[in-house]
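*Asks:* One letter stands for each residue in the lines below.
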Amino acid sequence: MNRSNFWRRILYWLTVAAGLVLAIVPLPDWLDPVRPDLALLAVIYWILTSPRIAGLGYAWLAGLFLDVLHGMVLGQHALGFLVVAFLTHRLQLRMRMFPIPHQAGAVMLLLALYHFIVFWTDGLTGHGYTGWNRWLPVLSGALLWPLIVAAGDTLTRRTR
Amino acid sequence: MVELSHDSRPIIGRGPPLIATFVTLAIASIALMVTDQRYDQLERVRSWLTAAAYPVQVAVDAPFRAWNWLTGSFADRDRLRQENLEVTARLRLANLQLQRFAAIEEENRRLRDMRENSAGVAERALVASILNVDLDPFRHRVLLDKGKADGVFKGQAVLDGEGIFGQVWRVNEHTAEVILISDAEHAIPVQSNRSGVRTIAVGTGDLSRLVLPFVTGESDLKQGDLLLSTGMGGVFPPGYPVAKVTRVERDAKATFAIVEARPTAALDRDREVLLVWFKAPAPEPPTVTNAPAPAASAAPPPTTGASTAAAAPSTAADTTPSQSAPVEDAAATPAPGGPQ
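Residue numbers (our numbering), protein chains in the order written: chain A, 1 to 160; chain B, 1 to 340.
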């Protein structure tokens, strides 16, 4: 039990690390605003599958690393990740019963909340960007959700 | 997907309850944000964290760098030869200008010595390359591969070959974040090269556009005016090109005219930029004595011959717009120098 938990932790951190790297890889200008929040999607997925291993601390640290990589105010994305992780924990028994499209809808709401928190703190710290395209990742993330589930399920099937 | 034990939340005695962790971490992140925003207490923590992030950033940058290197090494011979020819031609022109420039610099130095003020001379520059890392799609920040270890400091001016690029916003151990002049949070004091009107150019979040919001209707600014840095505030060296005015719209009813300008620096195309050290307006004794020594030793060779003659008329013409003189002159020389 402990041993397999250890490897699972490693796996969860590796997927988040991959998501963080993809968050700063240069993309063409038109694609840049659409970039989905892969790290956050990975966090949501792991909380849904194994909430006892992927806890709030895990989500919070992942958000903090994103702040560092982006050079933002420390704690901004950490707070967003934390709120999303908390709600996912609360809803996970229900969300796991949802069919995938329904689940994607729930994920979209979570992403919208996350972006709202980031937008809000941006405004408070005085860097508000109010263009409509800052909300595009919400859509792209929700559309990507079925793929994330498929990828995650194959990964866990192999490691188990 | 998984067995039942995985999805049951801890009930009793399995670590702190969810809500407690949530509240603690939420308070922690808000406290972090406030301290980071209001006070500079977090420098140490941030430097550790960025040290952890540095390998990631380098790893992201590496494939792009390798690709550039590869395409660079297989570039065809013809193109290289062509480039070589062009570069040689430009170098010849530049040398021609430099001859005059050296004379003018010498002249300028003497005048400044008389005023006991050697402000505005970029005395040291360091080439830094931009890491291929996207920080935020809506802010104009880039990451340089030079940091505290190379002597970079916060607020340092960053230039490229054509003009002012931005300033250092945050320094880490091996990297530095630069805020571009086109960032919506950036403003730079400028002066028109032609009329000497002083104002402030503010970034818009659009790489090819700055706005000058504080130009009154009567100000003498025209389309095509070159805006130079004034050096006010001590961040940027004076007399470097910043932007070219692209649009001036005057409305008799409004107090301010609508003025837009396009940055002269290649903000979106640069791979390499210059970090400069220059004399701040308030000179300290030891650095002042250091600075003229290399300038003096470098200047005499070209000044001996015909260029002293060239220096004489140019000083007469150019002393009036005080700080912008060298650049203005350098910009004017290629026209007569080119055809010869």
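Take the hints with a grain of salt, since some may be wrong.
What the hints assert, rightly or not - Quick list of the computed label-pair ranges, beta carbon to beta carbon:
#: 1; chain 1: B; residue 1: F214; chain 2: A; residue 2: P99; range: 51 to 61 Å
#: 2; chain 1: A; residue 1: F6; chain 2: B; residue 2: V87; range: 56 to 66 Å
#: 3; chain 1: B; residue 1: R271; chain 2: A; residue 2: G57; range: 33 to 43 Å
What the hints assert, rightly or not - Facing chain A, from chain B, some residues (calculated, C-beta under 8 Å):
#: 4; residue: P17
#: 5; residue: T21
#: 6; residue: A26
#: 7; residue: I27
#: 8; residue: S29
#: 9; residue: L32
#: 10; residue: D36
#: 11; residue: E177
#: 12; residue: I179
#: 13; residue: V202
Said to hold, decoys possible - Quick look at which bits of chain A chain B covers, simulated, 3 or more residues with Cβ under 8 Å:
#: 14; region: 32-41
#: 15; region: 77-90
#: 16; region: 129-140
Think of the hints as simulated: they come from the structure by calculation, not from any bench. Each residue gets a CB set at the ideal place from its N, CA and C atoms; glycine is no exception.
*Asks:* Is the distance from the Cβ of B/F214 to the Cβ of A/P99 consistent with 51 to 61 Å?
*Replies:* At roughly 58 Å between Cβ atoms, A/P99 and B/F214 fall inside 51 to 61 Å, so the hint holds.
*Asks:* Does B/D36 meet its interface restraint, that is, does its C-beta lie within less than 8 Å of any C-beta in chain A?
*Replies:* Holds, because the Cβ-Cβ distance from B/D36 to chain A comes to roughly 4 Å (cut-off 8 Å).
*Asks:* Does B/P17 pass the interface hint, meaning its C-beta sits closer than 8 Å to a C-beta of chain A?
*Replies:* Check failed: Cβ of B/P17 comes no nearer than 11 Å to chain A, outside 8 Å.
*Asks:* With 8 Å as the cut and Cβ atoms as the points, is B/I179 at the interface with chain A?
*Replies:* 10 Å, violated
*Asks:* Under the criterion of a CB-CB separation shorter than 8 Å, is B/E177 in contact with chain A as hinted?
*Replies:* 5 Å, holds
*Asks:* Tell me whether the statement that chain B covers the region 77-90 of chain A is true, taking a Cβ distance below 8 Å and needing three residues at minimum.
*Replies:* holds (count 7)
*Asks:* Between the region 32-41 of chain A and chain B, see if three or more residues pass the 8 Å beta-carbon test, and mark the coverage as holds or violated.
*Replies:* holds (count 3)
*Asks:* Are at least 3 residues of the region 129-140 of chain A within less than 8 Å of chain B when you compare beta carbons?
*Replies:* n = 3 at 8 Å, threshold three: holds.
*Asks:* Does B/I27 hold up as a contact with chain A if the rule is Cβ-Cβ below 8 Å?
*Replies:* 10 Å, violated
*Asks:* Taking 8 Å as the limit, does the beta-carbon of B/S29 come near enough to a beta-carbon in chain A?
*Replies:* Holds, about 4 Å.
*Asks:* With 8 Å as the cut and Cβ atoms as the points, is B/A26 at the interface with chain A?
*Replies:* For B/A26, the interface hint holds, since the closest Cβ of chain A sits about 6 Å away, which is under 8 Å.
*Asks:* Is the distance from the Cβ of B/R271 to the Cβ of A/G57 consistent with 33 to 43 Å?
*Replies:* Distance hint for B/R271, A/G57 holds at roughly 40 Å.
Of the hints listed earlier, those the structure fails to meet are numbers 4, 7, 12, 13, in rising order.
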